[in-house]
Amino acid sequence: MHFEKGTISSASFLQLLESIPVATLLVNRRGEISYANSEAESLLGFEPQALINKSIETIIPERFHIKHSRYLSTYFDAPAKRKMGFGQTLYAVRNDGKEIPVEIGLNPFDLDSNSSVVVSLVDLSVRQEATRILINSVALAPYGVLLIGQNGKILHVNEALCKSFGYMESEMIGMSVESLLPERYRQHHKSLRASYSQTPVMRTMGEGRDLTALHKDGREFPVEIGLSPIDVDSKTA
55 MHFEKGTISS
65 ASFLQLLESI
75 PVATLLVNRR
85 GEISYANSEA
95 ESLLGFEPQA
105 LINKSIETII
115 PERFHIKHSR
125 YLSTYFDAPA
135 KRKMGFGQTL
145 YAVRNDGKEI
155 PVEIGLNPFD
165 LDSNSSVVVS
175 LVDLSVRQEA
185 TRILINSVAL
195 APYGVLLIGQ
205 NGKILHVNEA
215 LCKSFGYMES
225 EMIGMSVESL
235 LPERYRQHHK
245 SLRASYSQTP
255 VMRTMGEGRD
265 LTALHKDGRE
275 FPVEIGLSPI
285 DVDSKTA
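Count along the sequence shown from 1, then add 54; that gives the number in our numbering.
One or more of the hints may lead you astray.
Below are the EDC-like pairs computed for lysine to aspartate or glutamate, each with C-alpha atoms no more than 20 Å apart in a straight line [said to hold, decoys possible]:
#1 Lys244 to Glu232
#2 Lys152 to Glu223
#3 Lys108 to Glu72
#4 Lys217 to Glu274
#5 Lys121 to Glu95
#6 Lys207 to Glu223
#7 Lys121 to Asp164
#8 Lys152 to Asp131
#9 Lys152 to Glu213
#10 Lys135 to Glu157
#11 Lys152 to Asp164
#12 Lys217 to Asp285
#13 Lys135 to Asp164
#14 Lys108 to Glu95
#15 Lys121 to Glu111
#16 Lys270 to Glu225
#17 Lys108 to Glu86
#18 Lys121 to Glu93
#19 Lys207 to Asp177
#20 Lys207 to Asp285
#21 Lys207 to Glu237
#22 Lys137 to Glu101
#23 Lys270 to Glu213
If you are wondering where the hints come from, they were derived from the structure by calculation, not from laboratory data.
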């Protein structure tokens, strides 16, 4: 959601924040929470109004306080709409002391001529549990399965796949998926992968054709390949 300066009254703006179905805080330049919607109070386990005027560090694990204080100061020097800690796992602290994984979005807004930032918190607990279940299912599959990121790097493999290709799991993580293909197919596969990432759908690869993969020892062997897009920790794989 994008907020334009001067286009909305303070009261209307706070009503808008309350209507957002995502935990949302309004934080001023001093790092004080000036507003928290009911979704934020529910997610963080606070009574209504209990977060008002508290430091934002109330909901941040203590080990991150110093780093966050510097980050907040730097942010207001050059405020911009962005995700916080992109690519990292971030945590918030509930009122009961429990830490929860969250995705944090930042959106600057001047309220009554005071510089503030709208902070959105998305609970990743359910998503991470779904990822854990998926990884466990992959590990137990009797056939080879690998998860590949949009950059073509291998994120996860199961034991069956390692046996098929002759690699240790530790060797395969981070490898380019093209490393598992005969040299003559690699360049073309890169373009196919880029195209697939634009319109990912579940399908069989090279249907009606004989496909081969490359073993660690250099020999080629026939394979059947199925593709299925999934979201793993907010990233398509």
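Which of the numbered hints are not met once you compare them with the structure shown? Checked against the structure, the hints that fail are numbers 2, 5, 7, 8, 9, 11, 12, 18, 19, 22, while the rest are satisfied.
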